[in-house]
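Enquirer: Protein chains in written order, with this note's numbering: chain A, 102 to 591; chain B, 4 to 1087.
Hints in this document: simulated from the structure, not taken from any laboratory.
Here a beta-carbon is modelled for each residue, glycine too, at the ideal position from N, C-alpha and C.
Any given hint might turn out to be false.
[Stated by the list, open to error] Keeping only pairs whose Cα atoms sit at most 27 angstroms apart, straight-line, the calculated BS3-like set for lysine-lysine is:
(1) A:Lys219 - B:Lys643
(2) A:Lys577 - B:Lys900
(3) B:Lys643 - A:Lys127
(4) B:Lys115 - B:Lys643
(5) B:Lys124 - B:Lys900
[What the hints assert, rightly or not] Quick partial rundown of chain A residues pointing at chain B, CB under 7 angstroms, derived from the structure:
(6) Val208
(7) Gly515
(8) Lys516
[As the list claims (entries may be wrong)] Where chain A lies over chain B, by a calculated footprint (3+ residues, C-beta under 8 angstroms):
(9) 597–608
(10) 684–697
(11) 760–766
Each chain, letter by letter, is given below.
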Amino acid sequence: MRNNIKNIVYYLILLLPIALATSCKKLDVTPRSTITNVNYGTSAVQIEAEYAGSMNMLWGKYYGYGVAGDRTPDVVFKNDDQLQGGNLQVDPALGDMLWLAHYQALVNINNALGSIKKGMVQETPQVIAQLKAEGTFLRAFNYFYLTRMFGDIPLLTEDSDPTALVARTPIKDVYSLIVSDLQYAAANLPSSWSNAPGKQTSGAANALLAKVYLTMATYPLNDPTYYQKAADAASAVMSSGIYSLVTNCNQVFLPANTYSPEMIWAFNSVYSDKSSAARGWAPGEWLDGGWDNVIVDTAFEHHWPAQPRKDAYLMLNLNGTPGVVSYTNDFATASPYCKKFFFYLDPNDFMNNTCANNMPILRYADVLLMYAEAANQAAGAPTQAACDAANKVISRANGYVTNAGHPLLTPSIGKQAFDDAIIQERSWELCFEWPDRWSDITRKRILDKVSAPYPQYLAHYTPNDYLFAIPQNDLKLDKLLTQNPGYPHP
Amino acid sequence: MKLYLFNKRLYFKNNHKLTAMMKVKKNLTKAFLMTMLCLILFNSSSYSKRELIEKNNELKYSFILKTITGKITNESGEPLKGASLSVIGTSIVTTTDADGNFKIAVSENAKKIRISFVGYKSQDITIGNSTRLNIVLVSDVQSLLDVVVVGYGTQKKSDLTGAISSIKGKELTLLPVQQVDQSLQGRAAGVQVLNPTGAPGQSAIIRIRGMNSINGGNGALVVIDGLQGGNLSSLNPNDVESIDILKDASATAIYGSQGANGVIVVTTKKGKKGKPLIEYGLILGNQTVRHRMDLMAAGDYARVVNEERSTNDAAGTPPPVFTDAQIAAYDKSGGTDWQSEIFRTAPLQNHQLTVSGATDNMNYLVSGGYIDQEGLLINSFYKRYSLRANLGADINKRIHFDLYYSGAIENANVQPVGDYPSYLGAALNSVLVFAPTITPYDSAGNYSKTSVGYGATDSWNPLAAAKEPQIMNSNVQNNVGANLDFKILKGLTFKVVGGAYISNIKNKSYFNSKTAEGQSSPIGVGYATYANTLYYNLQNSNILTYDHLFGIKHHLIVTGVAENQYSQSQSVNLIAQGFAVDITGADALGGASSVTGSSPFSERVLRSYLGRINYSYADKYLLTASYRADASSVFGSLHKWGYFPSVSLAWHLSNESFIKNLNIFSDLKLRGSIGITGNQGISPYQTLSNMTNSWSGNNYGNANYPYNGGPQTGNSMVGMIQGNSANPNLKWESTKQSNIGIDFSLFKGRLTATAEYYNKLTSDLLLNQAIPTYTGFATVLSNVGSMENKGFEFSIGGEPLVGKFKWTTNFVISINKNRVVNLGGINELDFVTTNGGYNVANGFMQLRVGGSFGDMYGYRTLGTWKTSEATQAAKYGAIPGMLHWDDPNNDGIIDTKDIVKIGKAQPKYTFGWNNHFTYGNLDLTIFIQGSQGNQIFNMGRIRYESQYEGTSKVLLNSWTPTNQTNIPAFIKASTWATYPNLVSTNTIANGTDGNRTSRWVEDGSYVRLKNITLGYTIPSSKLERFGIAKLRGYVSATNLLTITKYVGYDPEVSNFNGNDAQIGVDYNNYPTAKVITFGFNITF
């Protein structure tokens, strides 16, 4: 008996360390010196850093090296009728880099929105609402760009399982998210930020919303009821009293006018930023050589009536003399160049690839033209307000003088002619501001029409060219995905 | 004399007088009575016949006893103290005294006495009529192997069912070894040991049965005295009692998630009963560079430079770099032999002192070691101070306590090799390309600068590169382990193990203004690094063991363990540049104008439960089954737990009568096992997505998008992005291994052999898997891919000669075939082995599906075009004397389509052959070891055999029309001019891609006389009067002879980039030493 008691004591002794062993450390170890998406996103600064990161993904893709001819998959910029060799047909791999870039942006935006949703952010409700609005704005922006290029797309939000394979969401549902995101942004973003002129505002949200509605009113959804909504959204921007056109068209993009009342939202630049470097826009004849990246189509130039805007936006000769078109003699390429973003500050800046002009995404001139187009369509005929809006842009283009080659618009012109004139005006005013021209071509379904000067494209034209191909890589890895018509499926 | 047991009392009757001795309890055993009896009998010598009558029980014992005395010695006549004698069939035992003498009383019926002593063969002596026995015990190395340490316990070797190789510490210390890891080379089948660098104090790379993992690590788990995660290289070899290498799943699955790469179990020595022993060992050595490169003297070099220069100008010969007079002067002086400038003969010394002993309930061993080893390269050294204290105590009959402490301080200065921190900074790179025409110092006494206008202009004075860096690496390690053993019931024991491994690694370096890294720049001078890591690992294991023999045939051992491990690592890493002056260096980083730093912290938890059953039936049929469940914090919540089962069977045929009757085998056993092990060697937190502000995707390096906008000159903010895709589904890599083995022993154990065949399939390999880019990422670390290792191991040992001239020998050979089965949907993974210095930007080390670790891919060269092949050469735009590139696809163009496999780093087989001879007091050990069928990419040759900057003597043997060698000719531009229509179709030859070529691939096979040691033990009879128990002196040579075709410093090369996919690339590593040592061991 005594032995048994002793044994029991020993058993107890042995049980003790087992109990200790199994209870001392938790198996979920929280990282301390590593920042992970689990412990990040608790303050306004952290959330906005993720938004900044998302813009980083797109920044270099849309401008700067994004327009450089040496990285072929990136040169979506050339996908319209404005640049030399502008390829109106869509190569299957053309959109891969942009697809990746937008989704890289989205994963960070969704992560930030997830942190907000989980209640991780330690800020006032008003700040939190603003942070969320910044995020929904950016998400809508990315999805809007994606769906215009790819149609039905994988739609991921902060609620999605990041490891799950998904199918494509129909365009209509993509737009529902875009619209609700932008409505939230328009309602919760301030009309301006102190000390942060580059951030998205309620004006930017309305401007983008106008563009979204206008696109919904045209192809592929083709629902004309959205014209009025587009006009209303544009008019909200116009009536805000914040935005106006820069007086001279040759100063619109000037580095000094980076935050002018015309610039609603843009890719922000810093001085050391190579994305706006003059050299990328310059012809080989400049100093030690521009990079010849952005060469303008001669047919596009021929069609453009003489006016101050033409001299401001196109480089037609080497010495910059207005009204003189001598590029065939001046440049080895015998073509004009894009001048609107080209700012020669001094030789050092040129050679060191530094400059600091913002690259526009939403501009007041764009909003005026969107209003004009939407109001005309909604009313069934050009209204005076529509004409007035468009004429602001045309007047500036003409240097506020009458130009027989490019007259002002009047209501008498009629609905269709007015609409055609606005699309043409957008092509000139918004030239090289990708993807505005390409987007107008696709939503108006006028690829065959604009291809007329280019028989080599017209011969191969199909309606499938209005959408890009879904990347082969993703199709291979996700069997739920389908390919757009006319493109190979691996 | 008579004893009576009557009325529970013991009576003693002498001369008819009855004396009551004591009251006897009812349950007093007969054994006790007999012991009592013996005591009495010994004290009374006057009677030769005695009787005990136990009346009550009606039992009658009759003892007719005699006393036997004698002496037990070993073969050299030394008395053996503490040898045990037992009378077979009785419980009578005794031990010898300090002089080896014994005295034992035996009954008349007793036939035999068994004498046994640890380390000697047991002997059964027939008593016969003798009363005095002088017995010589024969030492038995085999008997030491009788017990094998397996995971969480020990087993008799004869009961093993798994594949385990055992090495005794005594075998290691016969040779003058500094490091345990290096000394394992060639000793155990299936264990590949690479000594990738000759730098002192560097760890060896140990691979057990091939390489399983690409990203998870392939290092074996080291368990020292039950504590996991030990460090072999800092362990004092003198402290090692035994090393058991667990290889198959039956043996390793008990370590579950840490067992996939094999387990090395080290048991350290304990004090043994008897007189305290004081042992001192000294090793004094002299190291020299085993093999130097064959480089040109200055005169030849100058002529080659002139010849190269003359190829440059089509119009005529440009002016030579060196005048004839200069060349004549160089011929006279020979110029600078840079290898001699930076290499030296380096001494080493190693002191070992051990004090050990044991009493009835205490044992102790305290040892200290000191190593002071200088490196072959000037300004390099390694020092290690080590201390061990092992204590064991029986607290009472039931509780035993063990305490293990070991500590080591390692200090080393080893200059960088390879690309770190820059190609330039490594003396071993520049020594092979720096012009011999330059003197070490210029006329002002400063280090000479590099040559101007010829030679390797991006090199650095090798002497400065070797001498000036101040590297101070230190590692302070503490290991503490404590065990408590409870004997709960007969056969049931419980053991609690607690332990900690703590290390503090501090690496400091300062590159002063005389070095490439620290040369003066606009921000100042100097380049300093400081890295401090405090790491600790805590472990608690609770082991319950039940060991019982049911009947006489069913032996069952059941083991259950609950275990917890926690490890933490905290580091500070700093890089400082731009000091005002060179004075303070790495000890005052605050003085630098630029300091960048990081402070990583990580921790991991491993919780485990495991069980094992060992069952044997009649010692014929053996079964081991184990199961382990591990939960690790490094995996996501869905996959924290991993389960690792194994089962093995063995059939001990030699215990079957039909084998016994053959009288051939003294031992014969068949074994088979299957099981699953894991690899948790991924860094913590990889299931999560790391946030980073460093991003290379937009050409700007950082996520510094100016989100807020604002002033045009700044106002960018630090953006944060997710750097990688989170994968909560990450789990263990798991390795399924099956093994069959046979052990046999012939000629009464004089020949023993083991053969094993295994098949390992590692699946769920951690790889970066391509994922749809709509996730925002291109890849995610996932469990995809699989890898196979199949192999054969054979070891044979024996005693071909016994008697006065003895020879024991052991030969092991290992064959492993590694194959990539699946890489998760991709066909190849490229590894860029270097990005600086050697111009090999494209990954020639590739893992391809169907290939194996260490496969090399590139362009094949078939020597040079010979004059007779001019027409064929012309098709490729080449002329005789130029390199003949192979065009395997015969499309007339040499381009990337012509890439073929040009080499493999994995050997066909490795082997080791150990021989130990003794003749009287002389002993001789010869150890031969080697590797066959592997190739090495000798990257250094790209530069030192290049025509432009090479210093190799092969350039003197370049192709000429009269001597058409395979070294490309110096082809003058004017020669080219005579072939106006030649258009080269070779798109790679002139680019750096042409550097991944079979031209630099060499046979890496070697056979090496790793060690030869001649020792002499002075007979103890001559030492006794000095109080010395044993004295052995020896001379030894390591790496004395190597047979290899490999031209680099040493065929034992490996990667320094840390991935096994890149083994077999030689970046001019630290040369291997040839070491001559003298040593002695003295025991008091």
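Enquirer: Hints the structure violates: just list their numbers, smallest first.
Expert: 4, 5, 7, 8, 11
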